[in-house]
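Here the protein sequences line up with chains A and B, keeping their order. For the first sequence, my numbering begins at -19 and goes up steadily by one. For the second sequence, my numbering begins at 2 and goes up steadily by one.
It is worth saying that the hints were derived from the structure and are not from the lab. Even for Gly, the Cβ is constructed at its ideal location relative to N, Cα and C. No incorrect hints appear here.
Just some of the chain A residues that point at chain B, by a computed CB distance under 10 Å: (1) L166; (2) A209; (3) P268.
Cut-off 16 Å, straight-line C-alpha distance, at most; resulting in silico cross-link-like pairs (EDC-like, lysine to aspartate or glutamate): (4) K224/A - E349/A; (5) K71/B - D0/A; (6) K133/B - D157/A; (7) K165/B - D277/A; (8) K71/B - D7/A; (9) K301/A - E144/B.
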Amino acid sequence: MKLLEIHVIQTVAPSNLNRDDTGSPKDALFGGYRRARISSQAQKRAVRLAFRDWPLLSQEELAVRTKRLLEALGDRLQDLPDGGGRAVENALNALGLGVKEGKTEYLLFLGHRELDRLAGIIRENLEALSGEVKGKKEAKVPEEVKKALERVLDGGKAVDLALFGRMLADRPELGVDAAAQVAHALSTHKVDREFDFYTAVDDLNPKEDTGAGMMGDVEFYSATLYRYAVVNLDLLKGNLQGDKDLALRGALAFLEAFPLTLPSGKQNSFAAHNPPLFVAFRAGEGMPRNLATAFEDPVYPKDGKPLSALSVERLVAEWKKFDEAYGPLRPEWKGAVNLTGVELGDLVGLPNLSALKAKAEEALRALLEV
Amino acid sequence: MPTLLLRLQGPMQSWGTRSRFDHRDTWPYPTKSGVLGLLAAALGRDREEDVSDLARLRMGVRVDRKGVLKVDYQTAQEVLTADLRGRGNVQSWRYYLSDAAFLVGLEGERSLLEEAHRALLNPRYALYLGRKGYAPSPPPYLEDGLREEGLEAALRSYPYLLPKEPKEDLLLALEAPPGEGRLVYDQPLAPFARRRFGARYVREEVLPKGEVKVRVGEQAGA
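Pulled out of the complex, with its shape left as it was, chain A reads as follows (with noise of 0.2 Å):
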């Protein structure tokens, strides 16, 4: 497969960004060891709602969660005598996706575009889809616009749905499979438990009173963390109807988005926002591969170097191993920011995440051939 991988070294200072049922923060094993984890569905979230919030990607690049299509379609067909109003419930009923008081009976994961290409469709069949609505019967509607219609409906090339996926349960052929797939982060090194105990104080204790107003404990560490993720060139292409320069855009905005996002927990108690240390991305045709393994002996702070210049001499390490054993990507391209100061090896240094961006659209369009 043609693939971009990106592989992150971040320390984050003592911090609860991902927990579980009781409140602590997420581990797993690894090596015999306990390692801080955060969960792949957490970071992938993270990223979603950069691309709508940072901006990385238009409006009508990314999907939206719906039952009000009939609004929504409405507002694209102001300027007709009632707003399309018939031609509009007609066609969704067509489609099978029944309108009841005004809403659809699912909710929907659309592309902003789907929705477009939706509204132009009924523009166009605006007398085949005006008719009478009798009893329970649906309202006739000629076989070529109903097929018209369901060719809308294929992911409207929205690059969130193209990259993490999409399912329903009662329409699988509606499915995207995800293009991109994140690894769980764990921690390079063994971590154990802390607590924080705390009390908090009745501001209106009277003097005698001197016992606290509460006590508790919150769960936390500080991590130096591996983090992996890698996406399907080929399949991110095909989710959205070959369309490569948007591919390129949508691989570009995850390469952006992936290595400053994380998610939000405790963020206001803890303030945990440690950007990384060491970003690389990998790019080419071949064999995917996580260097987890590096990690698989933790990591022990020594000879006075930090945790992170230690983990990324060992991912380095690593890397290169892997090259020996299987041999790189053919063709590839590389390139690392690294802020640890460990010497690289033949991994291309890159001066800032722009320089790093730069050098994987060279690849990106190599790849998706744009």
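Chain A is already provided as a structure; the job is to place chain B on it using the hints.
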């Protein structure tokens, strides 16, 4: 018949056999449906496509490190309720094996195994260990993974996956004729999109640690 060996190793993996709704279980070692799904992904087969040729392969597992059973607690916000009347927050408990390593063997027709072996080196879709976020590390591909021996011999003779000596005897789980051993509901009966699985018999044996070949200080397959 020849055997194709794969390494299923990573920080997290999960091999469900009877997951429904919010509680997602894992079997203690890889399931046939899961392993064939991984091969189908490597080969670029769509979920709607026929996998009966893969389903005919005979599978066995050697448990090199059994891992620890843990749970990933997940929440999803603003999910529409079944009666469509409101939105709620959904919780889900996803069981997984932390830190496990398995050697998996598939015995069958040579040409199919050769094709699968090549596909593992340049897979069509990204591979994962039971759930999309569970990336393998190191990769499932073993350079010397295509063996002339049958399933049981190949699993017994291949070196230990970890670069040290096994601490305890290893479990071997081999596909067995009907009526022999324990039942596992993981035999694909139709394309994966249909989600139809039947029963399969699995015989469990112990491979004494003294009989396991070891390559100390060296990553197997690399």
